[in-house]
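As you go down the protein sequences, you meet chains C and P in turn.
Quick note on my numbering: the first sequence kicks off at 3 and runs consecutively.
Quick note on my numbering: the second sequence kicks off at 3 and runs consecutively.
The set of hints was computed from the structure by calculation and includes no laboratory data.
Where a beta carbon is used, it is the ideal one built from N, C-alpha and C, also for glycine.
Heads up, a few of these hints could be off.
If you want the footprint, here are the derived chain P segments under chain C, 3+ residues with CB under 8 Å [what the hints assert, rightly or not]:
| id | region |
| --- | --- |
| 1 | 69 to 81 |
| 2 | 116 to 130 |
| 3 | 137 to 146 |
If you want the ones that stay clear, here's a sample from chain P, every Cβ over 10 Å from chain C, calculated [to be verified]:
| id | residue |
| --- | --- |
| 4 | 11 |
| 5 | 13 |
| 6 | 34 |
| 7 | 187 |
Protein chains: 2
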Amino acid sequence: MELQPLFDYISRYIALTPEEEEIIASKFKARKYLKGQYVVQNGDICRSESFVLSGCLKTFYIGDDGQEHIVMFAVENWWTADLGSFLSQTPADYNVQCLANCVLAQVGYEDLQQLYLQVPKLERFFRIIVQKAFVAAQKRVINNLSLTAKERYLKFREEYPELEQRVPQYMIASYLGITKEFLSKIRSTGS
Amino acid sequence: MELQPLFDYISRYIALTPEEEEIIASKFKARKYLKGQYVVQNGDICRSESFVLSGCLKTFYIGDDGQEHIVMFAVENWWTADLGSFLSQTPADYNVQCLANCVLAQVGYEDLQQLYLQVPKLERFFRIIVQKAFVAAQKRVINNLSLTAKERYLKFREEYPELEQRVPQYMIASYLGITKEFLSKIRSTGS
Numbered sequence: 003m004e005l006q007p008l009f010d011y012i013s014r015y016i017a018l019t020p021e022e023e024e025i026i027a028s029k030f031k032a033r034k035y036l037k038g039q040y041v042v043q044n045g046d047i048c049r050s051e052s053f054v055l056s057g058c059l060k061t062f063y064i065g066d067d068g069q070e071h072i073v074m075f076a077v078e079n080w081w082t083a084d085l086g087s088f089l090s091q092t093p094a095d096y097n098v099q100c101l102a103n104c105v106l107a108q109v110g111y112e113d114l115q116q117l118y119l120q121v122p123k124l125e126r127f128f129r130i131i132v133q134k135a136f137v138a139a140q141k142r143v144i145n146n147l148s149l150t151a152k153e154r155y156l157k158f159r160e161e162y163p164e165l166e167q168r169v170p171q172y173m174i175a176s177y178l179g180i181t182k183e184f185l186s187k188i189r190s191t192g193s
Numbered sequence: 003m004e005l006q007p008l009f010d011y012i013s014r015y016i017a018l019t020p021e022e023e024e025i026i027a028s029k030f031k032a033r034k035y036l037k038g039q040y041v042v043q044n045g046d047i048c049r050s051e052s053f054v055l056s057g058c059l060k061t062f063y064i065g066d067d068g069q070e071h072i073v074m075f076a077v078e079n080w081w082t083a084d085l086g087s088f089l090s091q092t093p094a095d096y097n098v099q100c101l102a103n104c105v106l107a108q109v110g111y112e113d114l115q116q117l118y119l120q121v122p123k124l125e126r127f128f129r130i131i132v133q134k135a136f137v138a139a140q141k142r143v144i145n146n147l148s149l150t151a152k153e154r155y156l157k158f159r160e161e162y163p164e165l166e167q168r169v170p171q172y173m174i175a176s177y178l179g180i181t182k183e184f185l186s187k188i189r190s191t192g193s
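The whole structure should be built from the sequences, with the hints applied where relevant.
Next up, the structure:
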């Protein structure tokens, strides 16, 4: 069924009974988005967390200078949202936009709160995946402080080989905090 | 009792029964460290998560260039660890060192796994606090990409007023990814 990749992913971390799967399936909805559509818009409240069934998205922030800064990408088996907005149900700082046609499995805020009560082991699941995300975010801070632009680019390619193929170079440059001209120079000097 | 601040902190997020408090108290140990002592050392496995009962610590990373990069600080009511090392029980990338005499409430890896089974609502507690930490880490990435050094410093002062008083300026500079000379210039030009 459509949500199968979500259950395959959850089963990496916790074992669900068929009844629990059914409860979860009743709260998640698969939704299609077109390339270019926004899943979250800055200033709106982020109403749901999205698991990527297919497609590719970017989360970005527009600085005071009007420049776009890429917070993260998401492809199949990743989660995306403006998590700060979702958790506090306050207006989002970030935008989440589809870089290709996407199918997302989405759970709304109230539904997720109910799910935590009905299937408490989801607390464990989300605890584990957000711990991993936190460790990765902290590592990115440190990479930005301690590595050269070229080293950051090589690490990005090594860690996310699938993204390099699916995301335009100028967005990778924005994610790495460098200009697209500089990225293109790094790439042309060989690696 | 000595662990009371830990229970006060946990009770912000979940309600514990006296029996559950007792189980938790049996797994956490208060431990004293002297200023300058290391709680985690790069290359060692981080064996416990620490809640700060009193004191002040820094987590830092030594880059290939031999330079120290500050990952985070911790004061009363914060948690500290090399979380990546703790979760996977593999050698730490980071060092955690006391900037003053400290008293930490520590829980070992195996004890925490047992606690999750004995007091499952701790999954919820850790899920919530790490979600908040993730949101803050992501915001720091974006601040580093989109704000000027001066803006980052002003934001740091605003968000962590207590740290400014307790941490040497050169460490704040390292946390912000700027030289101490530059920070001192920012400070002297008024704010």
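How the hints compare with the structure:
1. 69 to 81: holds (count 4)
2. 116 to 130: holds (count 7)
3. 137 to 146: holds (count 8)
4. 11: The claim holds: residue 11 of chain P sits with its nearest Cβ about 17 Å from chain C, beyond 10 Å.
5. 13: Residue 13 of chain P is indeed farther than 10 Å from all Cβ atoms of chain C, at 17 Å.
6. 34: Residue 34 of chain P is indeed farther than 10 Å from all Cβ atoms of chain C, at 27 Å.
7. 187: The assertion about residue 187 of chain P holds, with a minimum of 19 Å to chain C.
Hint compliance for this structure: every hint is met.
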